[in-house]
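K.L.:
Take the given structure of chain A and dock chain B to it, following the hints.
Each chain, written out:
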Amino acid sequence: AQKVTQAQTEISVVEKEDVTLDCVYETRDTTYYLFWYKQPPSGELVFLIRRNSFDEQNEISGRYSWNFQKSTSSFNFTITASQVVDSAVYFCALSGGYSTLTFGKGTMLLVSP
Amino acid sequence: GAVVSQHPSRVICKSGTSVKIECRSLDFQATTMFWYRQFPKQSLMLMATSNEGSKATYEQGVEKDKFLINHASLTLSTLTVTSAHPEDSSFYICSARERGTNYGYTFGSGTRLTVV
Numbered sequence: 001a002q003k004v005t006q007a008q009t010e011i012s013v014v015e016k017e018d019v020t021l022d023c024v025y026e027t028r029d030t031t032y033y034l035f036w037y038k039q040p041p042s043g044e045l046v047f048l049i050r051r052n053s054f055d056e057q058n059e060i061s062g063r064y065s066w067n068f069q070k071s072t073s074s075f076n077f078t079i080t081a082s083q084v085v086d087s088a089v090y091f092c093a094l095s096g097g098y099s100t101l102t103f104g105k106g107t108m109l110l111v112s113p
Numbered sequence: 001g002a003v004v005s006q007h008p009s010r011v012i013c014k015s016g017t018s019v020k021i022e023c024r025s026l027d028f029q030a031t032t033m034f035w036y037r038q039f040p041k042q043s044l045m046l047m048a049t050s051n052e053g054s055k056a057t058y059e060q061g062v063e064k065d066k067f068l069i070n071h072a073s074l075t076l077s078t079l080t081v082t083s084a085h086p087e088d089s090s091f092y093i094c095s096a097r098e099r100g101t102n103y104g105y106t107f108g109s110g111t112r113l114t115v116v
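Protein chains in written order, with my numbering: chain A, 1 to 113; chain B, 1 to 116.
These are calculated hints, taken from the structure and not from any lab test. Some hints here could point you the wrong way.
Stated by the list, open to error - Not the full set, but computed from the structure, chain A residues with beta-carbon under 8 Å of chain B:
hint: 1; residue: G43
hint: 2; residue: R50
hint: 3; residue: S95
hint: 4; residue: T100
hint: 5; residue: G104
This structure is a prediction, so every number in the text was calculated from the model and none was measured. Note that the Cβ used here is the ideal one computed from N, Cα and C, for glycine as well.
Pulled out of the complex, with its shape left as it was, chain A reads as follows (with noise of 0.2 Å):
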């Protein structure tokens, strides 16, 4: 079975400051994928990044940035200098082999001017 745990219920700072959204998954594929998604208030859901699990490297796009670790079963996204246009519901997936994509519960990210 797969599970994704967001521990982090809501997150509150204010403008500039860079914030970590944690991410820790369990699988028994060998083989899977690890996204990031935004909801924003309209509820669409925005695709953020896709990692498979054989690669490991961190990726960086303009204030976004990933770190997967497969030590710690973690996929944890930083945002630097945050803006009040980043506050949204992140939520964290999962998909191995050709399973199902399993969400994690989501953090809220409240970011104040």
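P.N.:
Positioned in the frame of chain A, the structure of chain B alone reads:
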């Protein structure tokens, strides 16, 4: 990139009526589509998985007679909420997986259903 169109985005219906939600993959073939339900401040819960041309597989606790899923073509899946009740009010979102991949998930923009 891959696009999934979901309609309607919002619907209000009377208790006892049925509502159909469409999910279309616009520029790719989706052999598998997924339907999720999301209550306020909660995560997405998978309701069912549908494969083109075959019956949907429902998750435990999801009433198949209430939530009818049809996946008649490689680009269209529909979810019909039959005899809707206020407790069916929720955000429904579909996802399509590209043919031949196990990682290409594209989501629709969701449907907010309110049953009055």
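K.L.:
Work down the list of hints and note, for each, if the structure agrees.
P.N.:
Hint by hint, here is what the structure shows:
For G43 (chain A), the suggested interface contact is upheld, since its CB lies about 5 Å from the closest CB of chain B, less than 8 Å. For R50 (chain A), the suggested interface contact is upheld, since its CB lies about 6 Å from the closest CB of chain B, less than 8 Å. This hint holds: S95 (chain A) has a C-beta 6 Å from the nearest C-beta of chain B, less than the 8 Å allowed. Residue-level restraint check for T100 (chain A) holds (minimum Cβ-Cβ distance to chain B is 6 Å; threshold 8 Å).
For G104 (chain A), the shortest C-beta to C-beta distance to chain B is roughly 7 Å, which falls under 8 Å, so the interface hint holds.
The structure fails none of the hints (numbered hints given earlier).
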